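**Q** Letter by letter, the chains look like this.
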Amino acid sequence: MTTENLEKSQVKQYPFTFTGSANEYFAIWIINILLSIITLGIYSAWAKVRNKQYFYRNTIVADSSFEYSANPINILKGRIIAVLILGLYILTVSVFPAFTIVFIIIFYLLFPLFILKSLQFNARYSSYRNINFKFNGTLIDSYYYFLLYYLFAVVTLGLALPYVISKQYKFIINNNNYGETNFNFSAKAIDFYKIYFPILISTLPMIGFFIYGSIIGAFEPGVAQSPTQEIQSLYLAFGVSYIVFLLSYVFIIAYIRAKLFNLIFNKTNLSNIQFKSSVKTLSILGIMISNGIVSALTMGLMIPWAKIRFAKYYTSNLILTTQNDLEVFTAAEKEKSNSLGDEIGEVFDLDIGF
Amino acid sequence: MISDSKNSHLLSVTGNFLDGKTSKKIPATLLLDNKGYLQIVDSDDQDILSVKFSETRTYNRIGNTRRQITFPNGEIFETSDNDRVDDLLKFNKKEKGNIFIHRLEQNFKLALMSIVIIAFSILLFWKFGIPLIASIVAPMVPDTVINKISDETVITLDKYYFQKTSLNKKTQQRLTKKFSTIIKSQKKELVAGSRYKLLFRSSKTIGANAFALPSGTIIITDQLINYAKNDKEIISILAHEVGHVVKRHGTKSILQNSVVTILISYITGDVSALSSMSVAIPTFLINTGYTKNFEEEADNFSYNYLVKNKISTHYFADIMKRIEKDFSKTEIPSIFSTHPSTNERIKKFEKKRI
Chain A
1 MTTENLEKSQ VKQYPFTFTG SANEYFAIWI INILLSIITL GIYSAWAKVR
51 NKQYFYRNTI VADSSFEYSA NPINILKGRI IAVLILGLYI LTVSVFPAFT
101 IVFIIIFYLL FPLFILKSLQ FNARYSSYRN INFKFNGTLI DSYYYFLLYY
151 LFAVVTLGLA LPYVISKQYK FIINNNNYGE TNFNFSAKAI DFYKIYFPIL
201 ISTLPMIGFF IYGSIIGAFE PGVAQSPTQE IQSLYLAFGV SYIVFLLSYV
251 FIIAYIRAKL FNLIFNKTNL SNIQFKSSVK TLSILGIMIS NGIVSALTMG
301 LMIPWAKIRF AKYYTSNLIL TTQNDLEVFT AAEKEKSNSL GDEIGEVFDL
351 DIGF
Chain H
1001 MISDSKNSHL LSVTGNFLDG KTSKKIPATL LLDNKGYLQI VDSDDQDILS
1051 VKFSETRTYN RIGNTRRQIT FPNGEIFETS DNDRVDDLLK FNKKEKGNIF
1101 IHRLEQNFKL ALMSIVIIAF SILLFWKFGI PLIASIVAPM VPDTVINKIS
1151 DETVITLDKY YFQKTSLNKK TQQRLTKKFS TIIKSQKKEL VAGSRYKLLF
1201 RSSKTIGANA FALPSGTIII TDQLINYAKN DKEIISILAH EVGHVVKRHG
1251 TKSILQNSVV TILISYITGD VSALSSMSVA IPTFLINTGY TKNFEEEADN
1301 FSYNYLVKNK ISTHYFADIM KRIEKDFSKT EIPSIFSTHP STNERIKKFE
1351 KKRI
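In the order they appear, the protein sequences are chains A and H. All residue numbers for the first sequence refer to our numbering, where the first residue is 1 and numbers rise by one. All residue numbers for the second sequence refer to our numbering, where the first residue is 1001 and numbers rise by one.
Here are the simulated lysine to any residue pairs, SDA-like style, with alpha carbons at most 20 Å apart:
1. K1148/H / T100/A
2. K1021/H / A62/A
3. K334/A / K1024/H
4. K167/A / V155/A
5. K1024/H / E180/A
6. K1021/H / S64/A
7. K1025/H / I60/A
8. K1096/H / Y43/A
9. K1021/H / D63/A
10. K1094/H / N71/A
Take a look, some chain A residues computed to stay more than 12 Å from chain H by CB distance:
11. F16
12. I105
13. L260
Just so you know, these hints were derived from the structure itself, not from any lab. Values in this document were obtained by computation on a predicted structure and should not be read as measured data. For glycine and all other residues, C-beta sits at the position ideal for the given N, C-alpha and C.
Model the full assembly from the supplied sequences, consistent with the hints where possible.
**A** Following this line, the structure appears as structure tokens:
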């Protein structure tokens, strides 16, 4: 056999599967809400871990599941801190409204720190086959990519945004480790421009609709005093343009989610492991819309069903491929866990990554 | 070393061993002996690990997802045989509560009941909880804050909606005197620190109306005064507005609206799409519901004042009916209107004729 044939015959494919079910998850979801209410919110930290664990443990590849091992106590502490900060914000701002700007500025200045903590937190407590993930990025890098680069995007009036986003994803993925092994993201800025450029083009008519609708909606109150047919048709026009705007907005979200998911997985490799992702925009759009309608109609009772649907869809379109063994990975040195970091990371749990 | 015959063991579970140092998965069997030790043996019956059961930790059961038992040095034994593990745990006192929550989640009747309990709690909280919180917090809001917010509101109103009053000084003085009478008679319920002030304005855009701001500033428009055939009619309306101040409706309203908005955004933050629409509408309806209660309370306040001061209550009904006639063209369903329908309101005011 030639080397090529040898390689080809040795490529193994491991499809992802999701083994959870809506029935099973509904009971878990609702009982945990009940317990959270009965305990006036204290149990909610445990509920969050349980909910997440259900999704992690039911995500299977190569006959092994993922595991989420966060400590609910840290999550509870984080939530209490968040509530206190929120209270402080409301109090300060009601006495000195000018302070709102101060808080906003502080938030943006601390944003890269929050992202870093969140990435570290999510990685540290995720594992596969008892090997934990790890995020190596430094604080300085985080400020570089999540503050400086954003300013750059603003300065170029958004034209550099796809470039900025490509750099950010590279930062996030390349600094993620499975044990001692680095992930590697090989996509280039042009790949991101290919995704975002069509949006730019189609946004113009969308903005047009939105402006038209806003102008109508912002009519002087004086008109409302003598309601006539005219006013009713104006409100109707505003309603229609708002709905069109909303639908386009939802479509764009589905489009970005699908394209980014594919790009991230298709261009990420972990040593000799690669991924094949075939998620479709229209499928995502269909799931999003039906989820939204059904959830709204059932006053939220179908939210667990909606979440399971997404999990099933994404995993059924994802395959792991490798020419090597999945048993070759080694664990990294155990990090000293910084509990304050954990709490900050949990509060701003941005669910980045997988 | 080949282990003792499995017959001397109380329980055995098949699964996999993951040492936490590499991603290698080793098929293994877990054995519990009658001395309280957990032993892991591989498929060749070779000993891998032997640890006291009480020194291990078993992750809580979630649905039927794989279960992990963690060993002191970070190794884990994982299995899909949850029922066996549940049996195993009966021998470890430390793991008493391990499947407690799982049992609750298995109880489908409880899950269905939870829907009712949760819906009921939400209703209770909305109807009584939030107003209660607002009642407790409202008196604690510092007067400086209340006065500042109110003063800012007057400035905004003057800028966009009000023009200078066209009432002559004599009329203003006369009405202000009658206003002071209302205030003086309410000494006991006077909101401490508030400064009652009556402001006269003209408003082409708003028309006939009166406003009460939390600080005690009450604004009445020329257009409303022009509707009055009698000073007593104006007094009945001013009493209604004073009722708003005494009962802290303004402050409570702000507090309640904030809580509702935050809660709904937090809860529905779970929904995958179209969430902004499903947040805005219920929030709007809920807030309008609270306002109706406040209007009723203010009406009652006015009613009691009139009765106490031997003023015929029909004056209130008269002016309300007169204004209603001009605006009956706009038939807004009462769910959306901030005032309860005029007919309902004035019913009891019409009954008493002194």
